[in-house]
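Participant: Given next are the chains, with one letter for each unit.
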Amino acid sequence: NAGVMQNPRHLVRRRGQEARLRCSPMKGHSHVYWYRQLPEEGLKFMVYLQKENIIDESGMPKERFSAEFPKEGPSILRIQQVVRGDSAAYFCASSRYGSNQPQHFGDGTRLSIL
Amino acid sequence: GESVGLHLPTLSVQEGDNSIINCAYSNSASDYFIWYKQESGKGPQFIIDIRSNMDKRQGQRVTVLLNKTVKHLSLQIAATQPGDSAVYFCAENNMNRDDKIIFGKGTRLHILP
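Chains as they are written, first to last, in this note's numbering: chain A, 1 to 114; chain B, 1001 to 1113.
Keep in mind the hints are simulated off the structure, nothing from the lab.
There could be a bad hint or two in this list.
DSS-like mimics (lysine-lysine), calculated; alpha carbons at most 30 Å apart, straight line [stated by the list, open to error]:
#1 Lys27/A / Lys1071/B
#2 Lys71/A / Lys1042/B
#3 Lys1068/B / Lys44/A
#4 Lys1042/B / Lys44/A
#5 Lys44/A / Lys1105/B
#6 Lys1068/B / Lys62/A
#7 Lys1056/B / Lys51/A
Covered stretches of chain B (in silico footprint by chain A; criterion: 3 or more residues with CB under 8 Å from a CB of chain A, positions within the stretch not fixed) [claimed, not checked]:
#8 1033-1046
#9 1100-1112
We treat Cβ as the ideally placed atom computed from N, Cα and C, and that holds for glycine.
Next up, chain A with everything else stripped away, as it sits in the complex (with noise of 0.2 Å):
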């Protein structure tokens, strides 16, 4: 009974690079919430997906990011030409029917940006 899966658990990367981050949701979920998570704070929302659609993308920023949840493969979040300020940790979660039921978290993706 497979949770919420990230990879890579860690990813480093140096300034103007870009970084692929993959979550596969929960057996039976199609729908995708993306979160960013400073050190000792809270987790701010991104965006929301469902299957080939973006739901929600208020809390991304305009440039540099980007979602993709595909009929077949995972969710991609991708950031490019990172910055030092990219570095977090990204939390993705799903759930089965929306946002009114409880989202099932992955254990995140810590990036790093030397």
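Could you slot chain B onto chain A? The hints should help.
Facilitator: Same frame as chain A, but now just chain B:
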């Protein structure tokens, strides 16, 4: 800014005692509330939720209380154990808008031996 906040960043409780973690929210349109537990290096783990048509809900060793009049939410943990050490987040959502969940900043629960 965030509409969910917490009164105490750190709470220390004797092992075996009951813990009460508080949360204030400001969005009166929120109608669904969740408590999560986050251990070091892990993702948030769902503990318990409550909808606005209820004022109390109980789980295994945990109880959530909702006071809509003063927009206050609390999590009570009975007979606190060392394994309860974690950061606890409350979160809110407006079910009718299918909106994002908004997280509070978190309270760190520290268990004293």
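Participant: Confirm or reject each hint.
Facilitator: Checked hints:
About 35 Å separates the Cα atoms of Lys27/A and Lys1071/B, which puts this hinted pair outside 30 Å; it is violated. Using a Cα cut-off of 30 Å, the hinted pair Lys71/A and Lys1042/B holds, with the two alpha carbons roughly 28 Å apart. Of the pairs offered as hints, the one joining Lys1068/B and Lys44/A holds, with about 24 Å between alpha carbons and a cut-off of 30 Å not exceeded. For the given pair, Lys1042/B sits about 16 Å from Lys44/A by alpha-carbon distance, which is consistent with the 30 Å threshold.
Simply put, Lys44/A and Lys1105/B have alpha-carbon atoms about 10 Å apart, close enough for the 30 Å limit, and the pair holds. With a CA separation close to 35 Å, the supplied pair Lys1068/B and Lys62/A exceeds the 30 Å bound. Proximity of Lys1056/B to Lys51/A is assessed by CA-CA distance (about 35 Å); at most 30 Å being required, the pair is judged violated. Coverage of the stretch 1033-1046 of chain B by chain A holds [criterion: at least 3 residues with CB-CB distance below 8 Å; count 8].
Only residues whose C-beta sits within less than 8 Å of a C-beta in chain A count toward coverage, and the stretch 1100-1112 of chain B has 7 of them, enough to reach three; the restraint holds.
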